[in-house]
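J.: Using the sequences and the hints given, assemble the complete structure.
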Amino acid sequence: MLANVYTKSIRDRLGSGLIGAFALAATLLFGLWAYKDVDISFYYDLPPAVLELMGIDPDTFGVASMAYGAMYDFMGAFIVGGVAISIGSAAIAGEEQAGTFGLLLGNPLSRRNALVSKTASLFSIMVVVGVLLWASAILSAELIGVDTAGVHLGAISIALTLNGLLYGMLALAIGSWTGRRGRASGVAAGVMVLGYLGANLLPLIDQDVLAHIFPWYYYSSNSPLNNGLNGGDVAVLAGLSVLCLVTAWVGIQRRDLRDKGAEATLADRLRANPMTKKMVDRIAGSARVSNITVKSASEFQGLLTVTAGIVFYMGFFIPILYNFIPDDFVEIFATFPDALIAMIGGVDMSTPAGFVTGEIFSLTAPIAIIVLLASMGAGALAGEEESHTMGLLMSNPVSRGEIVVKKTLAMVALAVVFGFTTALGTWVGTLIGGQDEITLEGVLSISLLLTLFGLVFGGVSLAASAATGRRKVATWATTAVALVTWFMFSFLTLTDSAAGLANLSPFQWYLGNDPLVNGVSWVDAALLGGTFIALVAVSAPLFARRDLRG
Amino acid sequence: MTDPAILTEGLTKHYGEVQALVDLDLEVKMGEVFGFLGPNGAGKTTMIRSCLDLIHPTSGRATLVGLDSRTDSVAIRKHIGYLPSDLSMYGDLTGRDMITYFANLRGGVDRSFVDELSDRLQADLGKKIGDLSSGNRQKVGLILAFMSKPQLIIMDEPSTGLDPLVQREFQAMMREVAMDGRCVFLSSHTLSEVQRVADRVGIIRSGHLVDVESVDDLRSKAIRTVELHFDSPVDASVFESVEGIRDVMVADHHATMSFDGQMDALLRVATEHYTLLDVNTQEADLEEIFLEYYRQEGAAV
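First to last, the sequence lines map onto chains P and F. Counting from 1, one number per residue, gives the positions in the first sequence under the working numbering. Counting from 551, one number per residue, gives the positions in the second sequence under the working numbering.
These are calculated hints, taken from the structure and not from any lab test. Any given hint might turn out to be false.
As the list claims (entries may be wrong) - Now the in silico label distances, taken between C-beta atoms and shown as ranges:
| no. | chain 1 | residue 1 | chain 2 | residue 2 | range |
| --- | --- | --- | --- | --- | --- |
| 1 | F | GLY676 | P | ALA135 | 35 to 45 Å |
| 2 | P | GLY309 | F | SER609 | 52 to 62 Å |
| 3 | F | ASN590 | P | ALA3 | 21 to 31 Å |
| 4 | P | VAL127 | F | GLU567 | 33 to 43 Å |
| 5 | P | ALA498 | F | GLN569 | 27 to 37 Å |
| 6 | P | ALA135 | F | GLN569 | 40 to 50 Å |
| 7 | F | ASN590 | P | VAL116 | 30 to 40 Å |
| 8 | P | ALA544 | F | GLN569 | 17 to 27 Å |
| 9 | F | THR806 | P | LYS8 | 41 to 51 Å |
| 10 | P | THR276 | F | LEU715 | 35 to 45 Å |
| 11 | P | ALA26 | F | GLU567 | 33 to 43 Å |
| 12 | F | ARG796 | P | LYS8 | 13 to 23 Å |
| 13 | F | GLN569 | P | ILE19 | 47 to 57 Å |
Note that CB positions come from ideal geometry on N, CA and C, so glycine has one too.
T.: Structure follows, in structure tokens:
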């Protein structure tokens, strides 16, 4: 696998693609198993307009269509996109920031040859992921005994792959222009999230035309699972990827390559300016290195800004957006039977509170806070070990337990800021949107539970980080726990035999009692808080008992 | 009586089947610069990391400044400065931020002394660590190790990337620490540096401590290079019977050899067969001593 840049890149990155594909395959298998026992006869009683809105063809609709849709429309597409972004941002910018790109170009290899090899490896890995998804979709149906007639598994696999590839190529292009991995992955992920929101929300308020500017629209709007591949959509997604390649081709050739170095932040630029130096020095300089907690929190202020910013703006706009949803849509939502409401997270989308919970608090906010706090948990201990700063840190008079506690406090601080920002955005949006049904108590309640919920996953990541000293293990362990518990909450509740297991999921403790409407269930809050404290308590001895790596 | 700076008793560390450190007994005194020498993978860093409680010894114990490395690890860190090998720091902080951070964690750091160290090492503290060259990063690391005037400074390959002028200043700083009654533990394979600054040297090989000597003693009993000049061409086989002789090279009237035996025996053999015109002996430097230990290792393998 070390024959050339192409094979080495595949060797380095195939693992993340395989993990993503197998995680999805496992979720799909369990999802089909859960859906198999669900009585979906009520779908056939829904008005034709509702079925059309949901992209359902009554002639072909069945368990397979529902289950695959639930897996691939959101979670699957985000996982595949995330894998591609990770590979794309590492391709050029990652090598540059690690200081290995110069070493690579010390060989008879042009920049553009390197780019082509890296692009080919990204493409190849995505093809492997796509094939695995397709194979696992067929195999899962066979194993569980679900009829797949009428669903286009090949089409959805190709569409997923093309959609993911586009964001990977975008990350690669940005990395080729900037040499900054964080910027490449951040912007690409931002475009992906905004695309998802735009493509799904704008049609609700009769803004289909505007939705066309988001690439995600060309993945989801024609429902390749139910309708097969749309040639136009494929052409747009593939064309945009080619455009990204051309952009990268130009970018990588025309700029000075960076040596291994630090990224200049806005604070750095302000510090360099004599006018603002003194003030920013105080804020970004000595203040942020005053102790371990503040330093750890400051390392994640960028990610906090992005994740909390997304949720803040969603919190602000969604309650207002509700006013623009045509009445007939609201009426359609109101006709949903209880069984269907249970399937979309137990929220009644015909009410403002249900709409806000469904659009903000069911998936986007949980994912955002998990990304933030799981990154912190992984970075807190394993990050220091992998970057070989832990030894230096521990040359100071601080115990391992103290390090765990102080890093945990930083995590709690950021979780609180995230929760507060979410509550603020949602409450201001609620006031401006005039959604009297939503109370301040409800907003604070759901934000508090969201904060505690995020800390549980931060705690999982911290514990895995403490036990292994490996950031990747911590990240993937947290992802796996999040997927499994989301699955338990979303699907097991639909079954007769295993519905009780859903009560073990943090998603259930967070959303199960509809906190935006009913306020805080203190039992749920205690379960979330207690789990977090238990995970931190476990982390300290796990960290103390092993040899450190860096 | 002052506690030793470092005292290890049977310190052992295994990684599965690999014996990284075997039964290491070592005493390093206050008031000295102690050089710790060994080839790559000999166990130098493992020994240091065990003493600092970054890794846990399989058996044995270590005390630093009289405190147990396991039970008193936090208290120990108040009294030590540490510079790891392959120094990594927070790339997004400036050198000054980095020093501020560690000064905050440590407490009691005299900022004027930091400025003095910075001047002596010509360190650029205004730039981000990630933008510094390896030598300039190393200077920041040295300031971190020295700034609190600790009782014991442990450094693992500290001269990496330093230019000769800064190296000289750094060596002076180490000597000042020893003269101040404190201790420097210097792990290195820059032998010339150890030779210049160390009072005593420990040599580690394959996890075993094979020798601890003062630099002067080590030199005195070391192999010397001997050159003999005769009035006629000589035959190398003449010297084969002399104990302690090796690597004999003969060129016309000259014979050159490595020798760690009795000079009397050598001269007797030399004058028995030829007329000896001149003798020249050179004391071996640490480099040769070190290479000799390497040879022994090769032979053992």
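J.: For this structure, which hints from the list above don't hold up?
T.: Of the numbered hints given earlier, those the structure breaks are 1, 5, 12 and 13, listed in rising order.
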